[in-house]
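Chemist: Sequence:
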Amino acid sequence: MDQLAAMATFVRAVDAGSLSAAARSLPSSLTSVSRQISALEQHFGTRLLVRTTRQLALTDDGRILYERAKSILGEIREIEEALAGSRREPTGRLRVSSPSLMGRMLIAPLLGDFLATFPSLTVELLLVDRHVDLIEEDIHLVLRVGRIADSQLVARKLAEVQMIHCASPDYLARRGEPQVPSDLAQHDCLIFSDAPGIATWRFGPDAKTGSRIRISGRLWVNSLDALATAAEAGAGIIRVPSWQVERQLAEGRLRRLLRAHEPAPAPLHALYQPSRLGSAKTRAFIDFLVERWRRSDPLGRSSL
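Numbered by the numbering used here, the letters in the sequence shown go through residues 1 to 304 in order.
Please note that the accuracy of each hint is not assured.
Pair by pair, the computed Cβ-Cβ distance ranges are [claimed, not checked]:
{"no.": "1", "residue 1": "R24", "residue 2": "K70", "range": "37 to 43 Å"}
{"no.": "2", "residue 1": "R214", "residue 2": "R256", "range": "18 to 24 Å"}
{"no.": "3", "residue 1": "D133", "residue 2": "D15", "range": "32 to 38 Å"}
{"no.": "4", "residue 1": "L127", "residue 2": "G92", "range": "40 to 46 Å"}
{"no.": "5", "residue 1": "G112", "residue 2": "E137", "range": "20 to 26 Å"}
{"no.": "6", "residue 1": "V132", "residue 2": "A57", "range": "31 to 37 Å"}
{"no.": "7", "residue 1": "D113", "residue 2": "S182", "range": "21 to 27 Å"}
{"no.": "8", "residue 1": "R175", "residue 2": "P119", "range": "52 to 58 Å"}
{"no.": "9", "residue 1": "L58", "residue 2": "R214", "range": "29 to 35 Å"}
{"no.": "10", "residue 1": "I76", "residue 2": "R218", "range": "55 to 61 Å"}
{"no.": "11", "residue 1": "A260", "residue 2": "R130", "range": "31 to 37 Å"}
{"no.": "12", "residue 1": "R77", "residue 2": "V128", "range": "27 to 33 Å"}
FYI, nobody ran anything at the bench for these hints, they're computed from the structure.
Just so you know, even glycine gets a beta-carbon here, dropped at the ideal spot from N, CA and C.
Work the whole structure out from these sequences, hints included.
Modeler: Listed below in structure tokens is the structure:
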């Protein structure tokens with residue numbers, strides 16, 4: 001008995017709901033399908049299916065085999081894709097999740113070239129400022145800034161993101177410039193969050209020896225774009241990725257503050273499931289970002 005072929009037939013029969021439906025979807029006769037499943041039952045020494053005239057029902061042992069066999073067959077397909085990936089063009093649908101601001105400013109402008117380079121791919125870009133579940137939300141690849149807590153995911157470091165503090169010259173002329181992080185208690189801080197309350201900003205290059213300052217701001221916004229606009233208008237001090245306000249700093253519309261106390265850069269990772277390690281489309285997208293960001297370094301001091 002070809003055990004893998006028999007398991008594939010067994011899974012197809014369960015998914016189809018009957019042996020005859022499975023036979024119609026396979027290059028096999030009903031007799032062949034029935035024999036393969038009977039051979040599996042004999043091999044494992046247990047009954048897998050309860051057969052009726054209209055449908056199939058799984059036994060407890062049958063459900064165990066169905067779930068394990070489906071997983072094994074899926075892994076085999078992933079291995080085949082990985083081995084063939086270097087020999088064929090990436091195809092199909094690629095679903096990517098990114099922080100909203102990064103997606104708008106750094107990823108979306110590259111997608112035209114990416115799609116032109118890989119004409120057999122389609123891309124779905126999900127812009128959200130929350131942690132997504134790759135399995136439940138059917139996401140192939142997620143970009144995430146900061147420490148990685150998902151130990152079951154594969155992580156590839158793409159760059160580093162430096163958080164900085166800025167305010168407009170007008171605001172600083174009115175309120176003065178903070179010299180140390182504790183001075184922020186006397187300033188209007190603009191806070192990125194979905195809900196108002198007490199925020200914490202970390203300072204210092206070392207997470208263990210650095211300081212954490214509680215910030216009670218007067219303006220809370222769930223958009224970094226809107227915060228930067230408010231800061232330019234003199235509303236207060238913001239904490240944003242350096243790449244977001246590069247132009248405003250160069251043109252003097254914002255001034256960088258507390259530079260000696262800035263936290264260490266946070267890593268930017270591409271995360272994906274181990275089963276998609278060799279996915280041609282996932283690898284193509286990561287390699288494309290690495291090549292383009294190495295060329296232009298839009299995040300500043302990236303380490304690709």
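Chemist: With respect to the beta-carbon atoms only, verify the hint that L58 and R214 lie 29 to 35 Å apart.
Modeler: 56 Å, violated
Chemist: For R24 and K70, compare the CB-CB distance with the range 37 to 43 Å and indicate the outcome.
Modeler: Since R24 and K70 have Cβ atoms about 20 Å apart, the given range 37 to 43 Å is violated.
Chemist: Between the beta carbons of L127 and G92, is the distance compatible with 40 to 46 Å?
Modeler: Violated: the Cβ-Cβ distance is about 21 Å, outside 40 to 46 Å.
Chemist: Given a hint of 20 to 26 Å, does the C-beta separation of G112 and E137 actually sit inside it?
Modeler: Holds, since G112 and E137 (Cβ atoms, about 25 Å apart) stay within the stated range.
Chemist: Mind checking the hinted window 21 to 27 Å against the Cβ distance between D113 and S182?
Modeler: With Cβ atoms ~46 Å apart, the hint is violated.
Chemist: Can the suggested window of 31 to 37 Å be confirmed for the beta-carbon pair A260 and R130?
Modeler: 32 Å, holds
Chemist: Given a hint of 31 to 37 Å, does the C-beta separation of V132 and A57 actually sit inside it?
Modeler: 36 Å, holds
Chemist: Hint says 18 to 24 Å; check whether the CB-CB distance for R214 and R256 agrees.
Modeler: 22 Å, holds
Chemist: Can the suggested window of 52 to 58 Å be confirmed for the beta-carbon pair R175 and P119?
Modeler: Taking Cβ atoms as reference, R175 and P119 lie about 54 Å apart, which means the hint holds.
Chemist: May I ask you to test the hint 32 to 38 Å on the CB atoms belonging to D133 and D15?
Modeler: Hint violated: Cβ distance 24 Å, outside 32 to 38 Å.
Chemist: Assuming the hint says 27 to 33 Å, is it satisfied by the Cβ distance from R77 to V128 or not?
Modeler: For R77 and V128 the Cβ distance comes to about 29 Å; the hint holds.
Chemist: I want to verify a distance hint. Is the separation of the beta carbons of I76 and R218 within 55 to 61 Å?
Modeler: Hint holds: Cβ distance 58 Å, inside 55 to 61 Å.
Going through the hint list in order, the structure does not satisfy hints 1, 3, 4, 7, 9.
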